[in-house]
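Kindly generate the complete structure, drawing on both the sequences and the hints.
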Amino acid sequence: MSEELPILKGILKGVVSYHNAPVRFGRVPKREKARILAAMQQSTQNRGNQRALATELDDQPRLLAAVLRAHMETCEFTREKVTSMRQRARDCPSYSMPTLACPLNPAPELQSEQEFSQRFAHVIRGVIDFAGMIPGFQLLTQDDKFTLLKAGLFDALFVRLICMFDTQINSIICLNGQVMRRDAIQNGANARFLVDSTFNFAERMNSMNLTDAEIGLFCAIVLITPDRPGLRNVELIERMYSKLKCCLQSIVSQNRPDKPEFMQELLRTMPDLRTLSTLHTEKLVVFRTEHKEMLRQQMWNAEEELAKSPNSNTWSCDGNNVEDAAKSPMGSVSSTESAETSEYSHS
Numbered sequence: 001m002s003e004e005l006p007i008l009k010g011i012l013k014g015v016v017s018y019h020n021a022p023v024r025f026g027r028v029p030k031r032e033k034a035r036i037l038a039a040m041q042q043s044t045q046n047r048g049n050q051r052a053l054a055t056e057l058d059d060q061p062r063l064l065a066a067v068l069r070a071h072m073e074t075c076e077f078t079r080e081k082v083t084s085m086r087q088r089a090r091d092c093p094s095y096s097m098p099t100l101a102c103p104l105n106p107a108p109e110l111q112s113e114q115e116f117s118q119r120f121a122h123v124i125r126g127v128i129d130f131a132g133m134i135p136g137f138q139l140l141t142q143d144d145k146f147t148l149l150k151a152g153l154f155d156a157l158f159v160r161l162i163c164m165f166d167t168q169i170n171s172i173i174c175l176n177g178q179v180m181r182r183d184a185i186q187n188g189a190n191a192r193f194l195v196d197s198t199f200n201f202a203e204r205m206n207s208m209n210l211t212d213a214e215i216g217l218f219c220a221i222v223l224i225t226p227d228r229p230g231l232r233n234v235e236l237i238e239r240m241y242s243k244l245k246c247c248l249q250s251i252v253s254q255n256r257p258d259k260p261e262f263m264q265e266l267l268r269t270m271p272d273l274r275t276l277s278t279l280h281t282e283k284l285v286v287f288r289t290e291h292k293e294m295l296r297q298q299m300w301n302a303e304e305e306l307a308k309s310p311n312s313n314t315w316s317c318d319g320n321n322v323e324d325a326a327k328s329p330m331g332s333v334s335s336t337e338s339a340e341t342s343e344y345s346h347s
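In this text, residue positions in the sequence shown follow the UniProt record's numbering: the first is 1, and each later residue adds one.
If you're looking for bench data, these hints aren't it; they were derived computationally from the structure. There's no promise every hint is true.
Claimed, not checked - Restraint-style ranges between C-beta atoms, simulated for each label pair:
#1 267 <-> 62: 19 to 29 Å
#2 32 <-> 59: 36 to 46 Å
#3 204 <-> 31: 22 to 32 Å
#4 181 <-> 261: 49 to 59 Å
#5 183 <-> 84: 21 to 31 Å
#6 61 <-> 37: 37 to 47 Å
#7 274 <-> 232: 19 to 29 Å
#8 272 <-> 181: 21 to 31 Å
#9 29 <-> 267: 42 to 52 Å
Please read all numbers here as calculations on a predicted model, not as lab measurements. A virtual CB, placed ideally from N, CA and C, is assigned to each residue, including glycine.
Below is the structure:
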């Protein structure tokens, strides 16, 4: 047998290294051969990504600067901008109608679908562009990018919009400067529960007085979360998450040396953030079922805007996925309870 298998004989005698021994596929089916080759290629690619990721993430000051720059370039709700908006709203409030229910869409009866879609898509696109600028994100597979964005889009958007909730006047400041009273959107028991939960969470978050750097890093952590169902390269995402978390810890320790427990307090808000997302999604499903055609028309332009995003050219999505992903914190809270449902335009 050894004469018929010289390679095996060489390996057994130590003449030929096992790792250098030639291997041929022989009678392996073509489909199985393709699977093996694909796995080998993926393994090689993963090793390359790990090296590239190490280069991008190991320099903590550089990583921190990159995330902060991404946040400032893509977020309209920085502390400086929102402070002036809140002051104007308190000094000269312009209250919206009682039937309105979304800060992204403060006056649906006074604007066209195109105007609404442009405003809505612009805010969503900001979160998508921010994700694309997080170091390491572009190294992920297309599927993992979309999984993270679809699961964390609302969470990150809500963190950005949280400063628009002003508990001092018990209202929401809309993007156009209008003020929407809290009691104006409580049109039913279920809607009231969601609104109350949202305002309570907003008060909790705003009391922390997060800086722009802390908000940007927290948004990055919310988006790059390795426990999202359906992720493929979990190891890579876990490494990104760990590095981003270390950056946030560094900034928090620097800003609040007398509050060692602050970091854990901030991280403990994430489960509540997901709960609000789930509650919102349930309302969205009901609304989409009852007003599918209207929602489809409103989201059509938003989908086109997402496709145009400069940082989203490596992943794609269909219309249904966009409907699921493009959500706003207060959208559809009164869709099933409001007597004005037929006039309400979801955002």
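Taking the hints in turn, this is what the structure says about them:
{"no.": "1", "hint": "267 <-> 62: 19 to 29 Å", "verdict": "holds (24 Å)"}
{"no.": "2", "hint": "32 <-> 59: 36 to 46 Å", "verdict": "holds (43 Å)"}
{"no.": "3", "hint": "204 <-> 31: 22 to 32 Å", "verdict": "violated (54 Å)"}
{"no.": "4", "hint": "181 <-> 261: 49 to 59 Å", "verdict": "violated (35 Å)"}
{"no.": "5", "hint": "183 <-> 84: 21 to 31 Å", "verdict": "holds (26 Å)"}
{"no.": "6", "hint": "61 <-> 37: 37 to 47 Å", "verdict": "holds (41 Å)"}
{"no.": "7", "hint": "274 <-> 232: 19 to 29 Å", "verdict": "holds (21 Å)"}
{"no.": "8", "hint": "272 <-> 181: 21 to 31 Å", "verdict": "holds (24 Å)"}
{"no.": "9", "hint": "29 <-> 267: 42 to 52 Å", "verdict": "holds (49 Å)"}
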